[in-house]
Structure formats: structure tokens, C-alpha cells
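A.B. asks: Residues per chain, in single letters:
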Amino acid sequence: MGFERQEDFGTPAVKSDEMVSLTIDGREVTVPAGTSVMRAAAEIGGQIPKLCATDNMKAFGSCRLCLVEIDGARGTPASCTTPVMPGMNVHTQTPRLEKLRKGVMELYISDHPLDCLTCSANNDCELQDAAAQVGLRDVRYGFEGENHLGLATDFSNPYFDFDPSKCIVCSRCVRACDEVQGTFALTIDGRGFGSKVSAGQVEDNFLGSECVSCGACVQACPTATLQEKSVKAIGKPERAVVTTCAYCGVGCTFRAEMRGEQLVRMVPWKDGKANRGHSCVKGRFAYGYANHRERILNPMIRESIDQPWREVSWDEAISYTAARLNQIKAESGARALGGITSSRCTNEEAYLVQKLVRGGFGSNNVDTCARVCHSPTGFGLSTTFGTSAGTQDFDSVMDSDVILVIGANPTDAHPVFGSRMKRRLRQGAKLIVIDPRRIDLVRSPHIEAAYHLPLQPGTNVAVMTSLAHVIVTEGLADEKFIRERCDWDEYQDWARFVSDERHSPETLEAVTRVPAQDLREAARLFATGGNGAIYYGLGVTEHSQGSSTVMAIANLAMATGNIGRRGVGVNPLRGQNNVQGSCDMGSFPHELSGYRHISDAATRKLFEDDWGVTLDPEPGLRIPNMLDAAVDGSFRAIYIQGEDILQSDPDTKHVAAGLAAMDCVIVHDLFLNETANYAHIFLPGSTFLEKDGTFTNAERRIQPVRKVMEPANGYGDWEVTQLLANEMGLNWTYTHPSQILDEIARLTPTFAGVSWERLDREGSLQWPVNEKFPEGAPIMHVDGFVRGKGKFVVTEYVPTDEKSGPRFPLLLTTGRILSQYNVGAQTRRTDNVLWHKEDLLEMHPSDAENRGLKTDDWAKLTSRSGETTLRVLVTDRVAPGVVYTTFHHPATQANVVTTDFSDWATNCPEYKVTAVQVMPSNGPSEWQEDYNEQAERSRRIVQAEPAE
Amino acid sequence: MSEGTIVKLRRMANQIALNYAAIGADSAVLATADHIKKFWDPRMKSSIFADNRTDLSPIATAAIDLLAAGVTPAPQSGGTEFNKVNEVGHSDAG
Chain A
1 MGFERQEDFG TPAVKSDEMV SLTIDGREVT VPAGTSVMRA AAEIGGQIPK
51 LCATDNMKAF GSCRLCLVEI DGARGTPASC TTPVMPGMNV HTQTPRLEKL
101 RKGVMELYIS DHPLDCLTCS ANNDCELQDA AAQVGLRDVR YGFEGENHLG
151 LATDFSNPYF DFDPSKCIVC SRCVRACDEV QGTFALTIDG RGFGSKVSAG
201 QVEDNFLGSE CVSCGACVQA CPTATLQEKS VKAIGKPERA VVTTCAYCGV
251 GCTFRAEMRG EQLVRMVPWK DGKANRGHSC VKGRFAYGYA NHRERILNPM
301 IRESIDQPWR EVSWDEAISY TAARLNQIKA ESGARALGGI TSSRCTNEEA
351 YLVQKLVRGG FGSNNVDTCA RVCHSPTGFG LSTTFGTSAG TQDFDSVMDS
401 DVILVIGANP TDAHPVFGSR MKRRLRQGAK LIVIDPRRID LVRSPHIEAA
451 YHLPLQPGTN VAVMTSLAHV IVTEGLADEK FIRERCDWDE YQDWARFVSD
501 ERHSPETLEA VTRVPAQDLR EAARLFATGG NGAIYYGLGV TEHSQGSSTV
551 MAIANLAMAT GNIGRRGVGV NPLRGQNNVQ GSCDMGSFPH ELSGYRHISD
601 AATRKLFEDD WGVTLDPEPG LRIPNMLDAA VDGSFRAIYI QGEDILQSDP
651 DTKHVAAGLA AMDCVIVHDL FLNETANYAH IFLPGSTFLE KDGTFTNAER
701 RIQPVRKVME PANGYGDWEV TQLLANEMGL NWTYTHPSQI LDEIARLTPT
751 FAGVSWERLD REGSLQWPVN EKFPEGAPIM HVDGFVRGKG KFVVTEYVPT
801 DEKSGPRFPL LLTTGRILSQ YNVGAQTRRT DNVLWHKEDL LEMHPSDAEN
851 RGLKTDDWAK LTSRSGETTL RVLVTDRVAP GVVYTTFHHP ATQANVVTTD
901 FSDWATNCPE YKVTAVQVMP SNGPSEWQED YNEQAERSRR IVQAEPAE
Chain B
1001 MSEGTIVKLR RMANQIALNY AAIGADSAVL ATADHIKKFW DPRMKSSIFA
1051 DNRTDLSPIA TAAIDLLAAG VTPAPQSGGT EFNKVNEVGH SDAG
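Line by line, the protein sequences are chains A and B. The working numbering puts the first residue of the first sequence at 1, with every later residue one more than the last. The working numbering puts the first residue of the second sequence at 1001, with every later residue one more than the last.
Be careful, since some hints might not be right.
Below, a list of computed lysine-lysine pairs in the DSS-like style, where the Cα atoms sit at most 30 Å apart [what the hints assert, rightly or not]:
id	chain 1	residue 1	chain 2	residue 2
1	A	236	B	1084
2	A	605	B	1084
3	A	605	B	1045
4	A	15	B	1038
5	A	270	A	480
6	A	236	B	1038
7	B	1084	B	1038
8	B	1084	A	430
9	B	1037	A	605
10	B	1038	A	789
11	B	1045	B	1084
Hints listed in this document are in silico derivations from the structure and should not be mistaken for laboratory results.
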């Protein structure tokens, strides 16, 4: 597409069964009742001049430019705030309106710099457009009067500037911050002529304010007042390509706005069904890593990890890699080889890696990073409902009456969905938060949780069973739903189990530390408050009973009849952009795409016939088991695409030992990540801007990723995998990822109706897409569960073996922060570090005081696995006895401290509970110093000699 | 097989058994055996088969004995029921 601003209808679309017909400028139009006159005019191609109106926020009626005349009505009402009426006859252009609009524009322009030719918004400015629309030719008032032209620009934000001299005080930025983002960071300070936009207090600048840099204000600004620095530096974009964000599992759709092959800015696409035109600081601004100086663009090899890297050609790298793999296979058998697919890569790339491992390496030793995040979701929801995925689309939350958030922090980890949830909460939905920390949702502007249950880490199952106890024993279960939709006998077994007095809130309070009365009231609210929706994240899954908690959540949803319609459901918030997709693609060692077990002969035959190979019928190794087997000597080679297991996986020392024990570690990535310290072959990766493909987000939405520039390393990741496969004799012939998607659709029943052409045409599809659901399935289990009857599962609370005690008296839980993403490989290489330059240890004031620690002090964090040091942040956000940190920075190495304990069903690590001690420290630990020295040594590169 | 690895395998088997215990001992034995059969790599299975059972719970012990004897237990929970070749239902079990 060329560069055109997205169409703006002025006011939001209205849903109504009642339609209204009216006449605008002699043309009849029919729109839903409640639609504004402005939008109705826009629907038939009319362009009523406007400045304060935009279609992603409520009409404001302040700019007085969109005036119209209506037959029989007095005055000249603002078309943005005037709803259509049957038979209304509207005139949008009359001599009277012309005069009024010119007068208004004269006032605006009399206090606006006349620097259009040198302005960064030249030809992309709504004020400029409006002046042209109303035919403004001169300004009678002159420009010498009192004005705002001397106001200083605020350059503090790393991504955009605020130039108040260009502000027309339309309040669009303030309203975007309120209505769209829900942060309420901006305000109009002063009155009358002195009114001006302010980020918080007068003394605040944007960076120092509560602004979260989501970009909504910049997007809303009709002038160059709030403008991306990149537009100022590069100029106006000349084309735009719609693509999908490569950060979290929300899967926002963006317009990548380009000049030539240079990305000017990422602008959220209003037609994106996951984000509805909104964005966060990561997707909107943090793309600078794509061109970061540390990005590796040439393949590199080395014999051993104590040698420097040697740059080689692609040909040499691929032939060397294939030879090493073939040699190890010949020496130790196929099961000595394996690979890891990435949730940061496309469906097509994940599919190819598992195909290479199964068909080329000859083993099923393929796993994916979902192992360490949402594998329990797969097990839990498959067991209870029959399919492993969220039951709703994101829009569903707007029909929820009670929202239960457990073990998730949407405003930080899934910020665009978090904003949508907050919008619903401001409309009156009730909120229950179950989390050891007081996350922002508990209390923020215009949001307050009805109940915050600050449970002891590791007691999720006990809390969920307690909630069920109250619901069942107080007769609040939805028996009609259960009888119709679930296995009644299993329900009765489960009801007897949860009704036992040992599961009452009062009995379990000693374990969970949740006040019994609060828990009872929260249970009653969830069961009786209308549509109840459950949203959860890694605070549920990353436990020794992660799978049990997922099943307990499903039990609760079924017991209260909250499945199978809008506004309800069980919603796993996926951490990375393509967690759902990488799981769908057969990345787990026991199953092929479409969740079919490798031991099923008919399924194997389907793939064997299509791929022309023979498949091993036995399950392969999971990531932690690969590392164990490597230490034992039976697993010798691994191909890791787009993952940094040394930083992201638990018990760093064990991960390092496993990697060091291998004979061939192949890292395929953008940067020399931490894992690459132990690699023998480095294959440069491509960014999401440099390749075509698809991502599948947390709502099962398959969305296109489109190439906007050529890969700086020469190849898309799918091409690199194909080069390696062909060097190993597989004869793949894909020339575009659409052909890989066709193969996936051919072999995978849930993807049967998916194709690149269809995604290109329709924007996105939510699987299953097949004969039964030709248009996809926004809501699952509508008429019945996928497995038939919903299955209630008895979830006995089994306390984790990881217990605090005299040596390690505190419990550490880990998580994420808004500005950083996962291991930080991308976001640490952007200006997002301004908000989070290091991982901090949150500690309750009483625990800090007991240890003589203050905010910013260095502290040593020790567990039975290891120790690290980091700075302290004293806060009552965490409960006494609980400490919290993030894992975004390799300098901290938070996972040196986490243990090898994991979920009983899936081996998902127990990141959320580690018994620790915290003591004052003078600086980095011995491990950190040794590690940094080793990392630095490992990253030496010998440049390739230029060709003669 | 290192001591660390076999200790982990024992812990995994015991964990699985403990979490299935609520469905009754007999079913838990079958469920544990089925779980290990569906999700463990051959070298993990052979290691636990070859290990003595002294550190295993009774349910885990019975499950391992069952598998070592070549029995293929029927699924006891939805978590180990997978789609057939043309089926759309079920899903990943991690």
C-alpha cells in the first residue's frame, strides 16, 4: 500500500439493532441508532472538517469546526456530538458554516507557528488539512498578540517530542491517555488562554511523568505537537505495510511506515482485531534493535568455545554445520541430536525446525520455549475442555461483569489488552486479583479491585479449591450448565472433594495467607456477579502444580457456567508473540502439528508420506531433559533458533553445564546471546521486519507477518533452516513461506482452511478454521466442549518441596516489567533501558529493615542453586516474606538463583517459588564476575579476510 | 547416567504419582504409567526401569513396574488423550 493516513470516521462505530435513515447533503444514509452525524457523513464519503474528533475515542465537541446545519434545528450543532435522528436533513457546507469555520480556524492559526514547510508534520497534519478544507487564506488578527509560540519543547522522552508551541489544546492526547490507554498521565493545566497540555504536575516532563509511552497521544495528535523523533529525523513515510508485532502474545497489528527500506515508525493499525488501533511502548517504539550495532550479520564457527569466533561464508557455515551434525549422528545415533523452536519466530519457521529435527536429524528431540511458560496450559485445558487454547477473543472482555486475574500482570506484560480490560473495569465490571504482589491493576486511576487476595507463592491450587469450596457449599454452582455440558458423575466427585472442610477458606488460610472472609466474598462475587472471565499468566503455570492450577481454573469456570459465550471463559495470556503458534506447529517432543501423538501410526504415516522420511515413534527429550542428557553424554548437538536458554531457563549453572557438555551447539539468532557463549556455530537471524510468515496470538488468531525490508543477514530464518535441511539431503523447495503454510494446512486439521491468500484478504483467522468453522472460531466450546463433556478434575493441593526455612527464609518470585521483553535481547538494545536499566529486587520494608537494606543498596540473593547480586527496591507492593525480581538483564542472571523444580505434568520450571536469603553486599558475586569474564572472552570475533 | 539425572527422574515419577493419587491408587498407577509412556524419552524410561525402586512412592513403583513389563496402560485423564490423525479436538499436553 502507498502512504495514506488511515481513514478516520470521527467518532466510534456504534452497535445497535435499530437503524436510522437520514439525509446528508442530499444523500440518504442509513446507520445504527446512536451514530453521530459526523460518522454518518463519513460513511458516505463526506469530510466534515474536524480537529478534536477521532474515531477511537468519544466525541468531545470542543474544536467547533465540525458544525453543521440541520433542518428544523436551532443553531449550528457540532456534528460529532449530535446523534442521527430519523428523517434528519443535514447540511455540512453552507455560507453560514463556511464563515463560522473560517473564524474558528483564524483563531487557531493566529497562535500557531507558520513553519509548515519545515515542520515534521508537513503534508501529514490535520490542522493543515482543516485550514485547506475551510479555505483559510488570511488571519485578520495578525500574529503579534499574546501567544504560546515561545513555549519550550520537551525532548525528554526518547521516542517522541512534545512541542507545546504547536498545540491547539484539542485534548485528543489527554483523552487518548484516559480513554484508550487508561493511564490518565496527561491533563489540561490552567484555564482559558492559559490552558496547556501537561504531563502530570507543572514540574514534570514526559519522561518523569506517569506516561507509559504507549504512543496513543502521539497517534491522536492532529498537529506536530506530539511527534515521533524518527519522523523528525527521517521525514514523512512514503509507504506503509501492515504487519504483526513480534513482542507479546497480544499480537498487535501495526502499519510499518517506511521510506525506502528505512522504517520511519510503527503505527498501530485501527483494523487490527487484537489491538483495535492501540499499542504499547515496545511494539510502537522499541524496534531499534533491528539495526543495532551488536547485531551479527555474518555466519561464524569455531572448533571449541574457548576459541574466538571466525566469520565464514554462508556456504561454509551450512556445510560445516551439516557435517558436524552428520558426524555426531553417525557416532552416537539420531537421538543424540535435537533442536529448539522459538515463540519469537513465525509458525512457518517453527514448523520447519521441528520438521528438520524429526525428518533430518531423525529424532523427536524438539522442544520450544513454551516448555518454560505455558506448557501447563496445554495439559490443563486439554484435560478439562479438550483443547489447548484460550476460549475467547480479546474483545470478549468488554462483555465481562466480573474479571478474575490470577498470576498475570496485564498492564505490564500484555499492556494493550491490559488497557482494554481497564476500559471495561471503568465501565463498571468488578475485579478480583489473586497475586502475591499488589500489581497495578489492584489500584490505579479509576480502577480498584473489589478483592485482592495476596496469596503465599505456591498456593494457587489451595486458593482455587477454596474458591470452589465456597461456591459449591453455598449452593452457588450453575447446576443447569453442569448437567447439560459436563460429566455429572465427575462433577459430583469433584464437588464432594472441594466441599470437604479441609478446603474451606478458614482451614486453608494458614497455608494461603489469604483472609478467609475476603476469599469467601470474592468467590460469591465471581459466582453471582454475571459474566465471569478468568485471565491468567505465568504466575499460574510456572509452579510445581502449574497444570493442576490450570485445571482448577477450568473447574471453576465450568462450575459457574462461565464457558461458551462472550464475556466469560478461561484466557491464558501468552508471554511471547507466537507461543500459541509454536505449540500448534508440533514443537513439543511427543506430538506432531495439530496435537497428534508421535506414537500414533496413522499420524506418523501422514507425515512420513508427505515428507518422504521415516519418523521415530518414541517421544523425544524436553529442554531440561536435553540438558540432563547432555551432562550424561547421550545428547551431543542442538540447533537453537531464536531462544536464549542460558538466560531464560532456570538453574543457569545447570544449563551452562549442559551446553558446555555438548559437542555442537548451533545458535541461530540476531545477537551473540548468552547461550552463544557456549555455541560452536552462529547462524545470523532475521527480524520480523525482514520476512514473511504468520504469528498466532493468545486468542488463537493467525496473523500475517510481512516483509518490509530485505534481511540484513541475507536470509530469512526459514531460508536458513531450509539451507541446512538441504545440506543434510532433505531436498526442500520452498520459495515463499506461503508454501510452508499450505503444507501445514494440508497436514493439520485445525489449519485446514488457512492460507496466505486468505489471511492477506481477511487480515486474520482464529483457529480452528475448517469445514465445521469455515470462518474460524472467536469463542470456543459454544455448543459443547471440544472433548464432548467438560471434565471436572480433582486437584489435590500438593505443597512444593521448595520451602523457606532458616537458611533461606524468603520466597522469591520472578516476573516482567512493561518496558522490557523476556530476556531483553531486543528491548535492552533500545532506549527502553531508560525505564529499566537493571533488574531490581523488590522487598517489603520490614524484611529490608531487618537486613539493614535500603532502596538502591546492593544485596546478595542466594538460593540452594546459586547466588547473584542486584540492587534493592524497598516497597510494600510485595508482602513480608516475599521478594520479587525480573530476569531481563544478563548482568543480574536472576536464573542463577531459580531451581530445577518443575511442574509435575510438563516440567515447566517453578520460577515463581524459590526459597532465598537476601543480605547486604558490596558488589557482583563471584559467579557474576566469572560469568562476565567468560562471556567477554567468548564473544571475540576474528573478521573474515576480504576476498581477493 | 549421572546421579543428578536419576534423582531428577525419581522426583519426576514421584511427582506424577502424587498428583494422580487423588483419583485412587489403582487408577493413579495406570495414569502415572500412561503419563510416563507418553512423555518420556526412551533413555529416561530405560534409566528409571533400571533403577532400584527404593526412592519411589508405591504408586510410582507400581507404574514403573507396569511399564517395564511392557504393559500399555489406557489413558486415565484427558491430558494424555491426543487427536487422531484427522481429529481437531484435544491439544498439547506439554
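A.B. asks: Out of the numbered hints, which ones does the structure contradict?
C.D. replies: Result: hints 1, 4, 5, 6 and 8 break, sorted rising.
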